[in-house]
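S.K.: Start from the sequences, fold in the hints, and give me the full structure.
Protein sequences, first through last, are from chains A and B.
1 is the number of the first residue of the first sequence in our numbering; add one for each residue after it.
1 is the number of the first residue of the second sequence in our numbering; add one for each residue after it.
These are calculated hints, taken from the structure and not from any lab test.
Computed from a predicted structure; not experimentally measured.
Incorrect hints may appear among the rest.
Stated by the list, open to error - Quick list of in silico lysine to aspartate or glutamate cross-link-like pairs, EDC-like style, CA-CA up to 16 Å:
1) B:K166 <-> B:D100
2) B:K347 <-> B:D177
3) B:K120 <-> B:D71
4) A:K40 <-> B:E55
5) A:K40 <-> B:D177
6) B:K196 <-> B:D116
7) A:K40 <-> B:D116
8) A:K5 <-> B:E9
9) B:K21 <-> B:D273
10) A:K3 <-> B:D193
11) B:K161 <-> B:D100
12) B:K132 <-> B:D116
13) B:K196 <-> B:E75
14) B:K132 <-> B:D193
15) B:K283 <-> B:E218
One-letter residues, chain by chain:
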Amino acid sequence: MVKHKIFIGLILFEFFILLLLIQNRTMSVRSLQSEVAANKQMVSHFMFTDLALWSEARYTRHPSQTDLFSPFQDFPGAMEHFPSGSIIAPPEIMFAGGLE
Amino acid sequence: MYRHLMILEFALSSLYRRKYKNLLMIIVYSMTVFLLASLVLLTDSLKTESIAMLEASPELIIQKLKGGRHDLIPENYALRIAEIRGVNNVLPRYWGYYFDPASRANYTFWGANEIDHNIKAVVEGRFFSQRKKKDKTFPCVIGQGVSEIRFIGINDFIPVKGSDGKLYVLKVSGIFDSQSSILTNDLIIMGHDTIKTIFEIPENMATDLAVQVKNPREIDTVALKIQKLFPSVRIISRKQIRNTYEALFSWRSGLMASLLLSSIAAFAILTWDKALGATETEKKEIGILKAVGWNTPEVLELKFFEGAAVSAVSFITGMTLAYVHIFYWGGFLFVPILRGWSILFPKLTPLPYIDTVNILTIMFLSVFPYIASTIIPFWKTAVTDPDMVMK
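M.R.: Printed below as a string of structure tokens:
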């Protein structure tokens, strides 16, 4: 008659640990939010349009600015040169068919 | 209530009897949840952060296209665009890419003449002052990634080969701190004159134009008017930038789809194998339970508790590990995948953000199929005569 008590205790303990981790991280998030605010100011000042995540090709460095041919510069359906080109989805404009 | 607790106790005893098999199951199950949750937490966080930051990007970007390729745009386009009702300001942007043979990395050169005093908070050192004519070097501010890959600090030099073949020397007057590396990691910011000299951008030409529109509801109308005025330009609205980043980190993106499908497929095989049928021992166990007076709902409740116990432990373990992986350790397992061929990749510090819908989706994809696969094969056994089952 102790197994269910151990089990319920274990579940509550695991849940408590998860909540503690979330709480601890959320407490430190204030500094992270001020980082986002500072970065937003930077975006506004420098007129940035993209994140500096992938720098290997112009269409991965600036996915929102790339011309429609760059990702298919050899021929449509060609193997993608860069791994990040396979990771990122095609720009929305390809689906939207132009400016909404 | 007591009866249910007794059934739970029996279910846990039953799981304990096959402890090694169930432990293995919990490990595999937790890893599946860990992988799915890590992916969802990372992409949710990156999406939220990028959309929050890029909300401040220009309302419209005007690019000139020539033969389907991005071309330099005459600055005098700005004068005619500024006359359109609703346009607040039109500013030229100067930027481009530079391959540095020494580090084999691509840098992004960005032109900026003046600096908001608040931006200085994210720059170590000082921001560049305007270059004096007698200076032989060109002041610049570099991103953390550039500083690290070239092992350079403030007052160090970066030689760059200009489009005219001449060598220009950039002098580092400031370095962006790591907090801004998601935006500035590969950047080298320099004055407008410097970038125009290095890239040989002719006078009165710019890379593109940024248009500020007073009323956000007028953005599409202004864009249409610009398109009519200059048919050869391509207009990128802030909404499109937002959509691009939403799509980039959405379920549809390649990263999500590839990892998601493979882990779901692995888990599906596991649960399918389980759902295919109960073992002879398990069938006999149910036969005995029925023979000693358990009814069908009680047997099914027993199996439900068995499935739910394994699911609860695995799900919370997987979620906890995923949370630590992404928000404490910066998603280190995914960085090699995300990084691709990039020589410069910023250090990720994802903002703790949890989308409840996505967590419920993970639960729906893992917990429900598992519990169903635990109950369904026993349904048939439980409704069969115990005498037949035990034979």
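S.K.: Each hint: holds or not?
M.R.: Quick rundown of the hints versus the structure:
1. B:K166 <-> B:D100: holds, 15 Å
2. B:K347 <-> B:D177: Holds. K347 of chain B to D177 of chain B sits at ~11 Å (cutoff 16 Å).
3. B:K120 <-> B:D71: violated, 32 Å
4. A:K40 <-> B:E55: holds, 8 Å
5. A:K40 <-> B:D177: holds, 15 Å
6. B:K196 <-> B:D116: violated, 22 Å
7. A:K40 <-> B:D116: holds, 13 Å
8. A:K5 <-> B:E9: At roughly 9 Å apart (the allowed maximum being 16 Å), E9 of chain B and K5 of chain A satisfy the hint.
9. B:K21 <-> B:D273: Satisfied, since the Cα-Cα distance of roughly 14 Å is no more than 16 Å.
10. A:K3 <-> B:D193: violated, 75 Å
11. B:K161 <-> B:D100: The given pair, whose Cα atoms are some 9 Å apart, holds under the 16 Å limit.
12. B:K132 <-> B:D116: Violated, at roughly 21 Å.
13. B:K196 <-> B:E75: holds, 13 Å
14. B:K132 <-> B:D193: holds, 11 Å
15. B:K283 <-> B:E218: violated, 69 Å
Going through the hint list in order, the structure does not satisfy hints 3, 6, 10, 12 and 15.
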